[in-house]
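**Q** Chain by chain, the residues:
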Amino acid sequence: AQSVTQLGSHVSVSEGALVLLRCNYSSSVPPYLFWYVQYPNQGLQLLLKYTSAATLVKGINGFEAEFKKSETSFHLTKPSAHMSDAAEYFCAVSVGAGNMLTFGGGTRLMVKP
Amino acid sequence: DGGITQSPKYLFRKEGQNVTLSCEQNLNHDAMYWYRQDPGQGLRLIYYSQIVNDFQKGDIAEGYSVSREKKESFPLTVTSAQKNPTAFYLCASSRDGYNEQFFGPGTRLTVL
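Quick note, the sequences are listed as chains E and Z, same order. Okay, so the first sequence: first residue is 2 according to our numbering, each after it adds one. Okay, so the second sequence: first residue is 2 according to our numbering, each after it adds one.
These aren't lab readings, by the way, just hints derived from the structure by calculation. Please note: incorrect hints may appear among the correct ones.
Here are the simulated DMTMM-like cross-link-like pairs (lysine to aspartate or glutamate), alpha carbons at most 25 Å apart as the crow flies [claimed, not checked]: (1) E:K50 x Z:D31; (2) E:K50 x Z:E101; (3) Z:K10 x E:E72; (4) E:K59 x Z:E101; (5) Z:K72 x Z:E101.
So these bits of chain Z aren't anywhere near chain E, every CB distance computed over 10 Å [claimed, not checked]: (6) N27; (7) Q42; (8) Q102.
All C-beta atoms, glycine included, are put in the ideal place defined by N, C-alpha and C.
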């Protein structure tokens, strides 16, 4: 069985600062990994996904994530935070067959002016 | 525009009543999913369906029921047996077992 741990349920950064949201996974087989963003009272929107191609994945809104097998991590980064990045972010893992996603508990990103 | 629609956006129910949440997609996706979201708990899978006329229980299926009579539709019924139904419910779909899930806008259910 796979699992996902997101370190830090709340992260606060200043506008213009680096955003780093942490995600560690466990999986007995090579995983597919996803980052989703959720704005208040809305559904989830895909930011980016890793499906065994390039380990550095670029997504929408300037976000990127790097798959590190040795560290079982898939941390999400953005060089410069904008106020509009304030939202909840979910990391998810799938082992492929049946496309069952297991989600982390989420990290709420707050951006201070 | 292709996408997933959920209705209604907000739903209020009295204790002891069944209520059905709608989920429709026009993406021609085979698989559909229902999740429940509670504050601080991420998303938990209720039911999923990979083909028409077939569905499987997820992690928290007790007190819920679904049907999949059409490829486009996957309604969720919250029954009176669900002890704590107040939550945000999200529907999703995916093309096949190796692609990302697309999510609808959600339905917020409140039991009065």
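**Q** Does each hint fit the structure? Answer for all of them.
**A** Okay, the hints, checked on the actual structure:
{"no.": "1", "hint": "E:K50 x Z:D31", "in the structure": "holds (20 Å)"}
{"no.": "2", "hint": "E:K50 x Z:E101", "in the structure": "holds (8 Å)"}
{"no.": "3", "hint": "Z:K10 x E:E72", "in the structure": "violated (40 Å)"}
{"no.": "4", "hint": "E:K59 x Z:E101", "in the structure": "holds (15 Å)"}
{"no.": "5", "hint": "Z:K72 x Z:E101", "in the structure": "holds (18 Å)"}
{"no.": "6", "hint": "N27", "in the structure": "holds (16 Å)"}
{"no.": "7", "hint": "Q42", "in the structure": "violated (7 Å)"}
{"no.": "8", "hint": "Q102", "in the structure": "violated (6 Å)"}
When held up to the earlier numbered hints, the structure conflicts with 3, 7, 8 and fits the remainder.
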